[in-house]
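> Sequence:
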Amino acid sequence: MTHFIELVEHATAVGVALPDAVGRALAAGDIVDAAPDPYVAGHWSLRAGSKVGAVAVAVPGSDGPVSVRVAPKVSIARLFFLLGYSLDPKGGWRDGEVDVTGHRDLLPALAHAVERQIDRALRQGLLQGYRVTEETSLVVRGRIREAEQIRRRFGATLPVELEYDEFTTDIAENRLLRASVERLLRLPGVPHDVRRGLLHQRARLADVTVIVRGQPLPDWRPSRLNSRYQHALHLARTVLQNASVEHASGRLHVEGFLFDMNKLFEDFVTVALREACRRFGHSARLQDPHHLDEADAIRMKPDFVLYGPNGAPCAVVDAKYKAEKREGFPDADLYQMLAYCTALGLREGHLVYAKGNAPHAAHRVRHAGIVIHQHALDLDQEPSGLLSDVEQVAARLVSTPRV
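Mapped onto the numbering used here, the consecutive letters of the sequence shown carry residue numbers 428 to 830.
Errors might be hidden in some of the hints.
Listed below are the simulated DSS-like cross-link pairs for lysine-lysine, each with C-alpha atoms no more than 30 Å apart in a straight line [said to hold, decoys possible]:
1) Lys749 - Lys728
2) Lys782 - Lys749
3) Lys782 - Lys728
4) Lys728 - Lys690
5) Lys500 - Lys782
6) Lys690 - Lys500
7) Lys728 - Lys500
8) Lys690 - Lys782
9) Lys500 - Lys749
10) Lys690 - Lys749
Here are the simulated distance ranges between beta carbons [claimed, not checked]:
11) Asp687 - Thr563: 41 to 49 Å
12) Val567 - Arg531: 53 to 61 Å
13) Ser650 - Glu818: 45 to 53 Å
14) Ser654 - Arg774: 43 to 51 Å
15) Glu818 - Lys500: 22 to 30 Å
Since the hints were made in silico from the structure, they are not lab data. Only a predicted model underlies this, so the values are computations on that prediction, with no experimental measurement involved. C-beta atoms are modelled at their ideal positions from N, C-alpha and C, and glycine is treated no differently.
Given these sequences and hints, build the entire structure.
What follows is the structure, encoded as structure tokens:
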């Protein structure tokens, strides 16, 4: 029997009865803020931060795993809009191809979206391509690997060490799809009907090599040939990269899937701004490295630096999803932006937040002639309104003066 704990992103802490080993595993894995109750043995205080999703902790000898679910503050549909826009801003994510309206929780919605996208990708059959294969054979085909032949066979004629291009379905694209299916089938909380669909997709990909845990993911490049796969591959990468929780801690086994809303919001803001600024003839670089000092010893990487037609920086942006302090925006963000403006020679800097307890503000720095703007995006509004707000920020960026 699974024991469920329901939390909400950045909500108040909840006191629950937990085995100490589970509480320590949640705290050590940076999954939620977990602290033992100093007054009641066997009770823990749990508070969700910016990571949303579901995690299961299996405890040997107990009557079932403990599943912690963290719900996002925004709707599931809006979360997938943010995710999809950053992954594939010109693709089908913005016209309803990814339908998650039937799910209230993140993991079931994600699993359903992956299964549907893979089904669309495979309707015309598995994609085939050429893969470089190395093998030992009694029949010569392709190219003889002379160095390996001498090293392994000491001058013997047979067998032969060969390398050749094989036309097969066992290619990077199909391996990524199968790996994402296998990953989702191991996660807790996937509904039975979605699990059946995933099992069907796994059967279709049965001849594709399974990626061993810990191995690097294979690379793929968008092309005309794999265009029908691309939505599914974007989602598969999301499942497999930087969002999975899977490790063993002593006798405990922790497995789940989490989105970091900080990263999700940052990706959306920077990619959406880049697309909006292109219409003004400007280009942008994300996580663009610069240095604060003349000796190039203090490195900094603003989220977004906009460059004008002449190639000079004309605006800098940092996206901040994090919760604000009670009286407004955090002062540390202002200090950071002041450093960016000073190093880049800009008179204005821009901080973009998810809408919270502070309205738009502009601060003129004493003796510096620098103005720092703080913008707030309302994530609860419709996508058209959200993108309209991004357009307004972009229009302000292109008019930012230099020092």
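> Indicate, hint by hint, whether the structure satisfies it.
To see whether the hints hold, each was checked on the structure:
1. Lys749 - Lys728: It holds: about 18 Å lies between the C-alpha atoms, which stays within 30 Å.
2. Lys782 - Lys749: It holds: about 10 Å lies between the C-alpha atoms, which stays within 30 Å.
3. Lys782 - Lys728: Holds, at roughly 24 Å.
4. Lys728 - Lys690: holds (15 Å)
5. Lys500 - Lys782: Roughly 12 Å between the alpha carbons, so the hint for Lys500 and Lys782 holds.
6. Lys690 - Lys500: holds (15 Å)
7. Lys728 - Lys500: Holds - the C-alpha atoms of Lys500 and Lys728 are around 28 Å apart, at most 30 Å.
8. Lys690 - Lys782: holds (16 Å)
9. Lys500 - Lys749: Cα-Cα ~12 Å, so holds.
10. Lys690 - Lys749: holds (10 Å)
11. Asp687 - Thr563: 41 to 49 Å: holds (46 Å)
12. Val567 - Arg531: 53 to 61 Å: Holds: the Cβ-Cβ distance is about 60 Å, inside 53 to 61 Å.
13. Ser650 - Glu818: 45 to 53 Å: violated (31 Å)
14. Ser654 - Arg774: 43 to 51 Å: Holds - the Cβ-Cβ distance for Ser654 and Arg774, about 44 Å, lies within 43 to 51 Å.
15. Glu818 - Lys500: 22 to 30 Å: With a Cβ separation near 24 Å, Glu818 and Lys500 satisfy 22 to 30 Å, so the hint holds.
Comparing the model with each earlier hint shows a violation of hint 13 alone; every other hint is respected.
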